[in-house]
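**Q** Each chain is listed here by its residues.
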Amino acid sequence: MGFMCFITSALSPVRSPEAHRIVGEAQGTTYAITYYAGQQLVSKMQIDSIFKSLDASLSIYQPGSLINRFNASQEGIEMDRHFARVIDKSKQIYYETAGLFDVTVYPLVRAWGFGAKAAGPMPDSAAIRELLRCVGSDKLQVRGTRLLKAIPCVQVDVNGIAQGYSVDVIAGFLEAHGIANYMVEVGGEIRTKGRKLPGNEPMKIGIETPSLTEFDAPVIREVISIGDGAVTTSGSYRKFRDSGGMRLSHIIDPKTGFPASREIISATVVAPEAITADGFDNALLAAGVDGAFEILRAHPEIEAYLIYKKPDGTVCDTASAGFGRFLGGQ
Amino acid sequence: MTPSLTTRRDFIATGLAAMAGAGFSTAFSPALGKAVAPVDKIRLGVIGTGSRGAGLATLIREMPDFELIACCDIISENLQKGMSLAAKNAKAYTDYRQLLDDKSIDAVVIATPLYLHYPMAIAALQAGKHIYLEKSMTYDIPQAIDLVKKVKASGLVFQIGYQYRYYGLYHRVKEIMKENWLGKITHFECQYNRNSNWRFPVKDPKMERAINWRMYREYCGGPLSELCAHEIDVVNYLTDSRPVKVVGLGGINYWKDGRDTYDNIRTVYDYPNGVKASVTSVLSNAYNGYSIRILGDKATVEVLRDKALIYPEITNNAKGVVDGVTGATIAVTTQGKGVEVKFGKPGEEQMEPTVFALKDFAECVRNKKEPVSNVETGRDGSIAIHMGNAAADTEKVQYWKPEYSV
Chain X
1 MGFMCFITSA
11 LSPVRSPEAH
21 RIVGEAQGTT
31 YAITYYAGQQ
41 LVSKMQIDSI
51 FKSLDASLSI
61 YQPGSLINRF
71 NASQEGIEMD
81 RHFARVIDKS
91 KQIYYETAGL
101 FDVTVYPLVR
111 AWGFGAKAAG
121 PMPDSAAIRE
131 LLRCVGSDKL
141 QVRGTRLLKA
151 IPCVQVDVNG
161 IAQGYSVDVI
171 AGFLEAHGIA
181 NYMVEVGGEI
191 RTKGRKLPGN
201 EPMKIGIETP
211 SLTEFDAPVI
221 REVISIGDGA
231 VTTSGSYRKF
241 RDSGGMRLSH
251 IIDPKTGFPA
261 SREIISATVV
271 APEAITADGF
281 DNALLAAGVD
291 GAFEILRAHP
301 EIEAYLIYKK
311 PDGTVCDTAS
321 AGFGRFLGGQ
Chain Z
1001 MTPSLTTRRD
1011 FIATGLAAMA
1021 GAGFSTAFSP
1031 ALGKAVAPVD
1041 KIRLGVIGTG
1051 SRGAGLATLI
1061 REMPDFELIA
1071 CCDIISENLQ
1081 KGMSLAAKNA
1091 KAYTDYRQLL
1101 DDKSIDAVVI
1111 ATPLYLHYPM
1121 AIAALQAGKH
1131 IYLEKSMTYD
1141 IPQAIDLVKK
1151 VKASGLVFQI
1161 GYQYRYYGLY
1171 HRVKEIMKEN
1181 WLGKITHFEC
1191 QYNRNSNWRF
1201 PVKDPKMERA
1211 INWRMYREYC
1221 GGPLSELCAH
1231 EIDVVNYLTD
1241 SRPVKVVGLG
1251 GINYWKDGRD
1261 TYDNIRTVYD
1271 YPNGVKASVT
1281 SVLSNAYNGY
1291 SIRILGDKAT
1301 VEVLRDKALI
1311 YPEITNNAKG
1321 VVDGVTGATI
1331 AVTTQGKGVE
1341 VKFGKPGEEQ
1351 MEPTVFALKD
1361 FAECVRNKKE
1371 PVSNVETGRD
1381 GSIAIHMGNA
1391 AADTEKVQYW
1401 KPEYSV
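Note that the protein sequences, when read in sequence, are chains X and Z.
Counting from 1, position 19 in the first sequence corresponds to residue 19 in our numbering; the numbering is continuous, with no gaps.
Counting from 1, position 122 in the second sequence corresponds to residue 1122 in our numbering; the numbering is continuous, with no gaps.
Please note that the accuracy of each hint is not assured.
Part of the chain Z face toward chain X, derived, beta carbon under 10 Å [said to hold, decoys possible]:
{"#": "1", "residue": "Gly1258"}
{"#": "2", "residue": "Val1321"}
{"#": "3", "residue": "Val1322"}
{"#": "4", "residue": "Thr1326"}
{"#": "5", "residue": "Gly1327"}
{"#": "6", "residue": "Ala1328"}
{"#": "7", "residue": "Thr1329"}
{"#": "8", "residue": "Val1372"}
{"#": "9", "residue": "Glu1376"}
To spell it out: a stretch of chain X is covered by chain Z in this simulated footprint if at least three of its residues, at any positions, have a beta carbon under 8 Å from a beta carbon of chain Z; those stretches are [said to hold, decoys possible]:
{"#": "10", "stretch": "178-190"}
{"#": "11", "stretch": "224-233"}
Interface residues of chain X toward chain Z, partial, derived using beta-carbon atoms under 10 Å [claimed, not checked]:
{"#": "12", "residue": "Thr29"}
{"#": "13", "residue": "Ala32"}
{"#": "14", "residue": "Ser43"}
{"#": "15", "residue": "Lys44"}
{"#": "16", "residue": "Glu201"}
{"#": "17", "residue": "Ile205"}
{"#": "18", "residue": "Gly206"}
{"#": "19", "residue": "Ile207"}
{"#": "20", "residue": "Glu208"}
{"#": "21", "residue": "Thr209"}
{"#": "22", "residue": "Ser211"}
Keep in mind the hints are simulated off the structure, nothing from the lab.
Where a beta carbon is used, it is the ideal one built from N, C-alpha and C, also for glycine.
Let the sequences and hints guide you as you build the complete structure.
**A** As structure tokens, this is what we get:
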């Protein structure tokens, strides 16, 4: 087999670049990687092993993961590389969004029935008030490579940022293997670099129209090209819980302890790295339209496109000033 | 507590005035139609206390709305079973006409073999009783058409025992169809299968036909009228329509035991706008015995006994135009795999659908309302069943005739 490969590559030393595609399932969703190169440079097995190491660190769905051990601990634990990076970025965005993005929201997420376990009855406001004691990323302390809790009930859920981080990790892996033109997509979070070869076309990314149900296949609302960068979307439309005719968002407002207002249905963020885009998209969703623009003004390195519901129920969209340059698939 | 006769009479008068206002004809001896004051229990007689009738009596016994004061059956074991579930001083009858003569009875449940439905329902109407008649409604098409006229003229409450019209599961399925979760719906695939001879044990050979009436065309329409009736009614309910035509094939190819009703029948009903519903009963295979699959271009819903699963279509229409799509994360479990359709309120007790149907019957009797499963929906079901059987018998397409729905 090795001999055959040697022969083949020896006979055609310079191949014109073509699309290589790796698709699979990870982190409870699907992923798709497309890279443009003259030959296969990475394998699905390698990609899957990266996801495995990410899950072992960051997945609340995996028993015994580092994050679950931290949540179960009284004082804290020793972090690995993935966990340390995600916590560092999460704390940064926590401060930059005045606490709208907060990974310590997990006790509330669980109470509202969006955790790893099946939903129980709806919590009452007394229960929420009690849980709010445990919430706030200022209750997380990093000492060297150790992550410490201020009080034992502090628990973290990095689902709002880990997918973006995973996209960055995969992108970094591709670049380390000499790949300069690629698109990495994990559950709707995307990072692109370079162009499609051999045609040298830009990579086109569709922004999905929020759908009525959690089953609808994506319908494209806008098409963008972002060059070298990342784009992620947070939506309150696909994951929700029905309660007395109301649809509760899975995005919990860490300030009030209650599901975030559903003014913004979908927030799409473009940033240099997916971890940044992914952290901010949740905060924008929770902030509402005015709050979102306030955050965007302070962060010229990110651009955003928002789909929101007016009080009369009509659906509109709006975007930051710099977002226009991505439109039209340039 | 015994309500005074005057109270009951006053209520009857008011009830009748309201009925007249609603356009009911009073030609059908309406003076016999009893109204029941909200505080009273509805005094009920059950005609036919075989497996289904006794099953109903078991549920009725637990319901505060009813008092079961009379049972009737020609088979003594059945009658005993019914009486064991009835009120203390309940009366036992072997002739349903005598039960109907009992003036203290407000309403009757009729759970007898299909061929008896029409004569018993007519007699009950004449006796001024409100009626809960088991499905399917009538033995043939002329009876169905005639019963609609007689019920309408009576002003009495008349409900057909299609309990799924009262079941939250089907309400939710109808809702998500309306919300376009399934996209354009083109087909229904219904099956009601069993792997058994569908017989009850018979001690005395003389009783064979009385007990195993489902085996004989003299008494019923076989699997289509006794099993698939529910599914035909469900399709009518979900589509708010009735079939235009039907083709079918049937046979007795497995249980060659002297029966003359089919042991397998497969029909295809054509509904308005080309929607097709295949309705099948096979008595030699029980995989997913009761199942209705609703096929849309966006998803499939499979309705089972007490749950429904939705299977989204995997569509990659979006790709092709673009190289990737950014959006809220799609859980991998919603792609190609079944996701359970949630229904009912959180924490709500799951009850036997028939309980909901009987509760509504009580509500209709008290407030003189027309049941959701009424004589017209019952007629549509029965005519569809007879068309299906006729299609299989004649091997010819059967059409819904305009005179069916006058």
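**Q** Please go over all the hints and tell whether each is borne out by the structure.
**A** Hint check:
Here the hint on glycine 1258 of chain Z is broken, as its CB sits about 49 Å from the closest CB of chain X, past 10 Å. The restraint placing valine 1321 of chain Z at the interface with chain X holds, with a minimum CB-CB distance near 6 Å, inside the 10 Å limit. Of the supplied interface hints, the one on valine 1322 of chain Z holds, with its beta-carbon coming within about 4 Å of a beta-carbon of chain X, less than 10 Å. For threonine 1326 of chain Z, the interface hint holds, the least distance from its beta-carbon to any beta-carbon of chain X being 4 Å, beneath 10 Å.
For glycine 1327 of chain Z, the interface hint holds, the least distance from its beta-carbon to any beta-carbon of chain X being 3 Å, beneath 10 Å. The beta carbon of alanine 1328 of chain Z comes within 3 Å of a beta carbon in chain X, closer than 10 Å, and the hint placing it at the interface holds. Nearest Cβ of chain X to the Cβ of threonine 1329 of chain Z: about 4 Å, under the 10 Å cut. The hint holds. At about 22 Å, the closest approach between the beta carbon of valine 1372 of chain Z and any beta carbon in chain X exceeds 10 Å, and the interface hint on this residue is violated.
Because the closest C-beta pair between glutamate 1376 of chain Z and chain X is about 31 Å apart, greater than 10 Å, the hint is violated. With 6 residues having a Cβ less than 8 Å from any Cβ of chain Z, the stretch 178-190 of chain X passes the three-residue criterion, so the hint holds. Counting residues of the stretch 224-233 of chain X whose beta carbon lies closer than 8 Å to any beta carbon of chain Z gives 3, which reaches the threshold of three, so the coverage claim holds. For threonine 29 of chain X, the interface hint holds, since its Cβ comes within 10 Å of a Cβ in chain Z; the closest pair sits about 5 Å apart.
The beta carbon of alanine 32 of chain X is positioned within 10 Å of a beta carbon in chain Z (closest approach about 7 Å), and the interface hint is therefore held. Checking serine 43 of chain X against chain Z by beta carbon gives a least distance of about 21 Å; that is not within 10 Å, so the hint is violated. Annotation: lysine 44 of chain X was flagged as interfacial toward chain Z, and the flag is violated, the nearest CB pair being 16 Å apart, outside 10 Å. Because the closest C-beta pair between glutamate 201 of chain X and chain Z is about 9 Å apart, less than 10 Å, the hint holds.
With a least beta-carbon distance of about 5 Å to chain Z, the hint placing isoleucine 205 of chain X at the interface is held under the 10 Å criterion. Given hint, glycine 206 of chain X at the interface with chain Z, holds; its Cβ is 4 Å from that chain's nearest Cβ, closer than 10 Å. Contact between isoleucine 207 of chain X and chain Z, as hinted, is supported at the beta carbon level, the nearest pair being about 6 Å apart and thus within 10 Å. Hint on glutamate 208 of chain X holds. Least Cβ distance to chain Z is approximately 3 Å, under the 10 Å limit.
Against a cut-off of 10 Å between C-beta atoms, the interface hint on threonine 209 of chain X holds, since the closest Cβ of chain Z lies about 8 Å away. Among the interface hints, the one on serine 211 of chain X holds; its C-beta lies about 9 Å from the nearest C-beta in chain Z, closer than the 10 Å criterion.
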